[in-house]
Amino acid sequence: DGGITQSPKYLFRKEGQNVTLSCEQNLNHDAMYWYRQDPGQGLRLIYYSQIVNDFQKGDIAEGYSVSREKKESFPLTVTSAQKNPTAFYLCASSSWASGNSYEQYFGPGTRLTVT
Amino acid sequence: QKEVEQDPGPLSVPEGAIVSLNCTYSNSAFQYFMWYRQYSRKGPELLMYTYSSGNKEDGRFTAQVDKSSKYISLFIRDSQPSDSATYLCAMGGQGGSEKLVFGKGTKLTVNP
Chain A
91 DGGITQSPKY LFRKEGQNVT LSCEQNLNHD AMYWYRQDPG QGLRLIYYSQ IVNDFQKGDI
151 AEGYSVSREK KESFPLTVTS AQKNPTAFYL CASSSWASGN SYEQYFGPGT RLTVT
Chain B
92 QKEVEQDPGP LSVPEGAIVS LNCTYSNSAF QYFMWYRQYS RKGPELLMYT YSSGNKEDGR
152 FTAQVDKSSK YISLFIRDSQ PSDSATYLCA MGGQGGSEKL VFGKGTKLTV NP
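Heads up: the protein sequence lines correspond to chains A and B, in order.
Heads up: the first sequence begins at 91 in this note's numbering, then just goes up one per residue.
Heads up: the second sequence begins at 92 in this note's numbering, then just goes up one per residue.
Careful: at least some of the hints might be erroneous.
Stated by the list, open to error - Simulated crosslink set (DSSO-like; lysine-lysine; CA at most 27 Å straight-line):
no.: 1; chain 1: B; residue 1: Lys133; chain 2: B; residue 2: Lys190
no.: 2; chain 1: B; residue 1: Lys133; chain 2: B; residue 2: Lys158
no.: 3; chain 1: B; residue 1: Lys161; chain 2: A; residue 2: Lys160
no.: 4; chain 1: B; residue 1: Lys198; chain 2: B; residue 2: Lys161
no.: 5; chain 1: B; residue 1: Lys190; chain 2: A; residue 2: Lys104
no.: 6; chain 1: B; residue 1: Lys161; chain 2: B; residue 2: Lys195
no.: 7; chain 1: A; residue 1: Lys173; chain 2: B; residue 2: Lys161
no.: 8; chain 1: A; residue 1: Lys99; chain 2: B; residue 2: Lys190
no.: 9; chain 1: A; residue 1: Lys161; chain 2: A; residue 2: Lys147
no.: 10; chain 1: A; residue 1: Lys147; chain 2: B; residue 2: Lys147
no.: 11; chain 1: B; residue 1: Lys195; chain 2: B; residue 2: Lys147
no.: 12; chain 1: B; residue 1: Lys147; chain 2: A; residue 2: Lys99
no.: 13; chain 1: B; residue 1: Lys147; chain 2: B; residue 2: Lys158
no.: 14; chain 1: B; residue 1: Lys161; chain 2: A; residue 2: Lys99
no.: 15; chain 1: B; residue 1: Lys158; chain 2: A; residue 2: Lys161
Please keep in mind that the hints were generated in silico from the structure rather than gathered at the bench.
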């Protein structure tokens with residue numbers, strides 16, 4: 091089955107620890123994205139990558155880092171510098187070949203709780 | 092003025108009702124308009140997308156875009172309890188970037 095996988099589904103960490111969220115896709119999509127969703131808020135873009143070894147900051151990149159070493163993978167690290175890391179994190183991907191690179195497909199999400 | 096405005100609801104309707112969900116936007120550069128459905132604690136699922144103005148129909152769902160009014164709508168006919176979810180509008184097409192701007196979502200409950 092083609093799709094986007096995120097692991098783990100739930101993640102708990104102590105304050106001051108860095109944590110890495112996994113995102114893998116087997117859709118052969120070019121672009122990948124990380125969003126954060128808080129209750130009552132829309133999706134806010136953290137980072138995105140249009141090609142391997144290149145990525146751009148989104149609207150709320152402070153306290154986060156990413157890498158894109160492989161087309162299929164776009165891990166997100168939540169660092170201790172992120173002031174309010176507890177949130178629902180969503181990974182998405184899109185394809186230029188589809189003719190509409192704005193069609194983003196989402197993974198199931200990772201709920202991160204930091205105490 | 093926010094780029095995308097969406098009434099958060101909640102919206103509660105009886106089964107079989109026609110549901111109308113709406114978003115307004117301020118950026119006239121938007122060309123692509125999407126509707127996503129998100130069940131509780133799940134990732135959003137792409138329901139409909141429309142390019143520029145006009146209507147698009149898929150089964151019980153109809154998406155409308157009125158660029159002159161900067162207003163988009165999603166209609167759900169013969170609503171079912173399984174349609175109970177949060178619906179997010181999203182828009183893109185600004186300055187060559189593939190970024191989307193999302194509304195905050197409208198929570199819909201369809202009562203049997």
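Check your understanding: Holds or violated: lysine 133(B) with lysine 158(B), Cα cutoff 27 Å?
Key -> Answer violated: lysine 133(B) to lysine 158(B) is near 31 Å, above 27 Å.
Practice item. Take a quick look at whether lysine 147(B) and lysine 158(B) sit within 27 Å of each other, Cα to Cα. Key: holds, 14 Å
Check your understanding: Holds or violated: lysine 147(B) with lysine 99(A), Cα cutoff 27 Å?
Key -> Measuring from Cα to Cα gives roughly 34 Å; hence the hint is violated.
Check your understanding: Is it true that the CA of lysine 161(B) sits at most 27 Å from the CA of lysine 160(A)?
Key -> Outside the cut-off at roughly 39 Å; violated.
Check your understanding: For the pair supplied as a hint, lysine 133(B) and lysine 190(B), is the alpha-carbon distance within the 27 Å limit?
Key -> Satisfied, since the Cα-Cα distance of roughly 21 Å is no more than 27 Å.
Exercise for review: Would you check the hint for lysine 173(A) and lysine 161(B), treating anything up to 27 Å between C-alpha atoms as holding?
Suggested key: violated, 35 Å
**Study point:** Restraint check for lysine 158(B) with lysine 161(A), where alpha carbons must lie at most 27 Å apart
**Key:** violated, 35 Å
Check your understanding: Taking only the CA atoms, is the gap from lysine 198(B) to lysine 161(B) under or equal to 27 Å?
Key -> Status holds; Cα separation ~22 Å.
Practice item. With a cut-off of 27 Å on the C-alpha distance, tell me whether lysine 147(A) and lysine 147(B) pass. Key: violated, 33 Å
**Study point:** lysine 161(A) paired with lysine 147(A) [C-alpha distance capped at 27 Å]
**Key:** holds, 18 Å
Point to revise | Agreement of lysine 161(B) and lysine 99(A) with the hint, judged by alpha carbon distance not exceeding 27 Å | key: violated, 37 Å
Check your understanding: For the pair supplied as a hint, lysine 99(A) and lysine 190(B), is the alpha-carbon distance within the 27 Å limit?
Key -> holds, 25 Å
Figure legend: structure checked against the earlier numbered hints; hints not met, in rising order: 2, 3, 5, 7, 10, 12, 14, 15.
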